Structure formats: C-alpha cells, structure tokens
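Colleague: Those protein sequences? They're chains A and B, same order as listed.
For the first sequence, counting from 1, position 83 maps to 373 in our numbering; every step adds exactly one.
For the second sequence, counting from 1, position 263 maps to 553 in our numbering; every step adds exactly one.
What the hints contain is simulated information worked out from the structure, not anything from laboratory work.
A hint or two may mislead.
Same chains, same label: a pair holds when it works inside one copy or across any pair of copies.
As the list claims (entries may be wrong) - Lysine-lysine pairs mimicking DSBU-like chemistry, simulated, CA-CA at most 35 Å apart:
1) K486 to K308
2) K476 to K311
3) K318 to K292
4) K382 to K555
As the structure is a computational prediction, the values presented were derived from the model and not from experiment.
There are 2 protein chains.
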Amino acid sequence: NKRAQIIDGKKIAAQLRKEVKESVTLLKATHGVAPGLAVVIVGDRQDSAQYVRMKRRAATEAGFHSVDVALPESSTEAEVLDAVARLNTDSKVHGILVQLPLPSHMNEGRVLAAISVDKDADGFAALNVGKLCLRGGEEPSAVACTPVGCLELLERSNVVIAGKRAVVVGRSNIVGMPVAALLQAKDATVTVVHSKTKNISKIVREADIVVAAVGQAQFVKGSWLKPGAVVVDVGTNFIPDASRKSGRRLVGDVDFASASRVASKITPVPGGVGPMTIASLLKNTLRLAEAAVSRDNKPLTRVSS
Amino acid sequence: NKRAQIIDGKKIAAQLRKEVKESVTLLKATHGVAPGLAVVIVGDRQDSAQYVRMKRRAATEAGFHSVDVALPESSTEAEVLDAVARLNTDSKVHGILVQLPLPSHMNEGRVLAAISVDKDADGFAALNVGKLCLRGGEEPSAVACTPVGCLELLERSNVVIAGKRAVVVGRSNIVGMPVAALLQAKDATVTVVHSKTKNISKIVREADIVVAAVGQAQFVKGSWLKPGAVVVDVGTNFIPDASRKSGRRLVGDVDFASASRVASKITPVPGGVGPMTIASLLKNTLRLAEAAVSRDNKPLTRVSS
Ligand SMILES: NC(=O)C1=CN([C@@H]2O[C@H](COP(=O)(O)OP(=O)(O)OC[C@H]3O[C@@H](n4cnc5c(N)ncnc54)[C@H](OP(=O)(O)O)[C@@H]3O)[C@@H](O)[C@H]2O)C=CC1
Ligand SMILES: NC(=O)C1=CN([C@@H]2O[C@H](COP(=O)(O)OP(=O)(O)OC[C@H]3O[C@@H](n4cnc5c(N)ncnc54)[C@H](OP(=O)(O)O)[C@@H]3O)[C@@H](O)[C@H]2O)C=CC1
C-alpha cells in the first residue's frame, strides 16, 4: 500500500518567503523602496487577530514596511472607509489588506471596493478578477493569495498542469473561482463543482488534480480519487478531538487518511496551503511595490527614450 | 430514429426584439429617452460592413437612436480613440460598439479599453468580466452578447440548467469563457475544454448541455454526445459547397446531421445563435440606457427620501 508524497507547504512557503526577501533587498538597494503592507483589522476576533499577527511577523521578517490599523468593533463603516482612503494615498503603502470578516454592521463589498486597485494585495477587486479571467490582455495587479499559493505548491512540486483534468470543489470568490481560472490559464481542463452538483464523487474521479475548497471537514474521500491524482486541500475545519488539550483538531476538506493511500501527492492540513497564503500575500505586495516603482519611473523613461 | 427538436433562434430573437421594443416605448413615454447605440467601424471589410448594417436595421426597428461612425482603413489609432471619446460624452449614446477586427496597425485592447464601462454594450470591459465571474457582488453593466444569447436560447426553450453538467468547447474571451461563467452562475457544473484538452469526445459525452464555440467546422460529432443532450452551436464557418451559387455553405462547430440524431434539442446554423447576438446587443443597450436614466434621477430620489 503506497502512500502519497506529502507536499510540504511549510518548506515551500519558507522558500518563497526567502525569494521575496531577496527581491526586497534588491528593491531597497536599487530604488530605496521597501514594500509596504497595511493591514486593517476591525474588532477583536481572536482568529483574525492571530492571523494578522502572523502576517505582520512574516512581513517584518521579509524586510517589509508594515502598517497596522486596528479599529474598534464599534467603528462606523465611514471610519473604516476613511482609514482605507488614507492608506490609498500613503506612498509608503503598496498593498492594503482589510481583514475579513468585518463586523456585520458594515458592507464588506463597499469597504473592499474602496481599496485602490493598485494596492489590491488580495486580488479581490473586480477589475483584477476580470483581468485574471480574460486571456491575453493586461495582467491583474494581484491575484487572490490562497489560489496563487495552491498553484505555487503544484508548480514547485513539479506537477504537470497543462493537458490534465482538474476538478475544483467549491466556487467561492476567494478560493474556488480564482483557482479554477489559474488552472485553466495553465491549460488544465477544469471542472468546477459546488453545492448544486450531482454525483460529485464521480466527477472527482475524473481528475488528475483535485483542489478541495468546500469548507466541509474531510469531505473528499480517498475512494473518490483516481489512483495517482494530486490533491490540494485548502480546507481549515476544526473537529472535536478529546485527545487534545484544546478538545479539537484542525482538519482539511479532504479525508487525509484515506486520500493519502490513493493520491500520488497531497497537501496536509496543517502545513499545506495555509503557510502559502501569507507567503503569496508578501509576493503580491512585493509585485505591487515593484509596479509602483516602475510607474514612478515611467515619465523619466519616456523622456529619455 | 428520433430527431432533436430544433431551437429556433430566429423566432426567439424576434420575440426578444419585440420585448426590447416594448421596453423602448415605455422608456420613451416615461423618461423621453430612446436608447442610443453607436457603432464604430474602421475600414471596409465586407463581413463587418454587412454585420453593421444588420445591427443598424435592428436598432432602428426597435426604436433606438442609432449612431454610425465609419472611419477609413487608414485612420490612426488616435483618431479611433478620439471617436470613442466623443461617444463616451454624448449623452444620447448609451452603448458603444467597436466592430472587430480593427485594422492591424491599431491595438484592439487599447481601443476597447477606451469605451466607458457605462457604455460597454459588448460587455468586454475587464471590470464587467470580473463582476460576471464574482458571485454576489454588483451586477456587470453588460455581458457579452453571444453568450447572453446562448443562455436566452436555453432558458426560452425550457432547458433546465441548474444541477446539469455543461461542457463548453472553447474558452475565448468573447464566447467560451463568458458562456461558462453564465452557466455556472445558473448552477450548472461546467467543464471548459480547449485546444490543450485531451479526449474531448469523452468529456463531451458527460454533458447534458454542450456549447460549441471552437471555430472549427462540424467539430463536435453526434457520436460524442450523450443521448438527449442539448446542443448550442455558436460556430459560423464556411465550407466549400459546389451545389451553391456562392460555392460555399455556412456550417456550425457541430456536425448537425449526426448530432441532431442524438441530441434532444439543438440550435441550427444559420438560424440559431446568430440572430440572438444582435437581439442581445439591443437588450444590453436598453439596459445601459435604463441605468443611465436611473443614474440621472438618483440625486432627486436621494433628496426626496
Ligand atoms: N488555508 C487558507 O489560507 C484558507 C483556507 N480556507 C478554507 O477553505 C475552505 C473553503 O473556503 P471558502 O471558499 O472561503 O468557502 P465558502 O464557504 O465561501 O465556499 C464553499 C464552496 O463550497 C461549496 N460547497 C459547500 N458545501 C458543499 C457540498 N456539500 N457539496 C459541494 N460543494 C459544496 C459551496 O457551493 P455553493 O457556491 O453552491 O454554495 C461554495 O462554492 C474553508 O474550509 C476555509 O476555511 C479559505 C481561505 C484561505
Ligand atoms: N453566432 C455569432 O454571433 C458568433 C459566432 N462566433 C463563432 O463562434 C466560433 C468561436 O468563436 P471565438 O470564440 O471567437 O473563436 P476563438 O478562435 O477566439 O476561440 C476558439 C476556442 O476554441 C478552442 N479550440 C480551437 N481549436 C480547437 C480544437 N481543435 N480542439 C479544442 N479546442 C479548440 C481554442 O482553444 P485555445 O484557447 O486553447 O486556443 C479557443 O479557446 C467561431 O466559429 C466564430 O465564428 C463567434 C462570435 C459570435
């Protein structure tokens, strides 16, 4: 009974962060600019606060300029919009991330739409999504971090994507849909399944590459997989586990125990996609900073050309 | 040997145009506004000229204000951009269409990008594509006409889309990609196949709904279809036909003779998707005009509420 090779997200993310750090050093040396990442957090959800701490630490380690805006739960939408507007005009900030979810008394879509497209570190702007889905036009300034992380995992594990069948389980704006667009751009033949899909297990069995982003603990079973399939598990779900002090355990959207006996390669949870998301955020912000530098230098280039 | 029911695009398009005309009458009566459609044509390609004539006739018949801008083949890109800029600020024009292809000495992407998103009658703007692909956010101001036409054909033929498997053959920006997004938004489970896909016939056989937009004459064969599948043929290809005076004949991307023996419903070529494209263009422009009217009326509404 062969076991799948584990795709080590921690290791790949560390490598990616190292590459980003090197580019930051170069950007500082050549242009005197450090990529600036601003994180806006509203309220004091534990999970959000922890995630923001991790982002800040990773940004600082990579040599970024890091800005934190923490607003109380009781803030008005106008106050959050104000904070975003200030960051939009702050020339030291190249990427802005508003930590979701926002308190329920504000409109997330409106707040996200207020972020300048040039500083859309999360790649959530409709304009960027359009550019992602269109072939052959302008590149988006950024693409959603978790999907980009999934593709990095595949490519850095030497998984061939072109010509393969990929099934994406889930079609959310922040994971499933952009993952599907990225896989298709890499010439996979992509099927997207969702809550209205019948016979999901049969469709998953057609796939050479399965990306699970469904938000249901251990949803995809080993018995659904084509032998040798590559599995990327985006899920982060807690299930009860009496053997743990916390009483719970983090699991993915894939049933790892059974899937790892059928797949050829698989990402674990934790330690798979999770670490890639922050690494991709840094890379996105680096790119935005590089784009800002090249915009600033453009008039000069034009005159001299 | 049962034959597929023919989906009559001419009849459905006529019905759609009639509905548009009724809405135009209403818009004129209540707001004194006729939807304005501007078509920009550069050069004198025969096919483009004929298509533009058909658009103009349909627009006039539906009660539209119709503007034609015909520029010589020798025009510069700057002249075309100028024409678009003038139409952008013309309050009588609600939809602008630049007939493609443009002469090779100009950049199509740049010209299309110059059209105001509010007047993007073809739904080609990246912002509109992004809104199409994102779930639950703002509606796009328009969606590409041929894809919208395909969906109208399915819905007006009472084809159930939700929960069905759909295969889209082709992934172009103007047909395949937006058709796939529309089908997925209607809760189909969509697979997009393209030139890098292996085993296309096997994938097509999984589909309850097949949309062929591949640009290859009679590409999809009856033997590829699941019995009872619904087939939408977007293709417009000419093949040699000695029995015709013109020496050629228009055929689709589906081999109609064999497919119509396996499918339950099928669109013919000509008389299927073709007539729907212009009807959808009129509907798009009507919607843009309605949106412009409601934007113009907004301050008033705000003050009085
Ligand atoms: N590791 C990381 O950094 C990140 C991890 N995540 C994790 O990834 C997972 C997905 O996140 P997200 O995309 O935001 O989740 P959403 O809840 O936004 O989307 C879930 C998707 O799965 C589909 N779905 C839900 N239930 C079923 C079902 N029973 N059968 C088939 N499809 C179903 C939904 O379909 P429909 O559209 O029809 O409702 C929807 O498209 C979660 O576990 C989340 O915690 C998310 C972001 C980052
Ligand atoms: N009735 C109407 O109003 C309209 C009709 N049309 C017609 O629709 C058809 C498609 O148009 P359009 O989308 O613009 O065409 P494009 O040439 O832009 O796109 C064709 C698509 O088909 C794919 N493809 C090409 N050859 C193969 C093959 N052998 N196997 C699998 N996939 C293949 C291409 O794949 P890849 O991406 O990998 O290159 C591409 O995605 C044409 O016949 C066109 O005339 C178009 C617009 C309007």
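Colleague: Each hint: holds or not?
Modeller: Consistency of the hints with the structure:
1. K486 to K308: This pair counts as between: shortest inter-copy Cα distance 34 Å, intra-copy 41 Å.
2. K476 to K311: Within one copy only: 27 Å inside, 44 Å across.
3. K318 to K292: neither (48 Å within a copy, 72 Å between copies)
4. K382 to K555: Neither: 41 Å inside a chain and 59 Å across chains, both beyond 35 Å.
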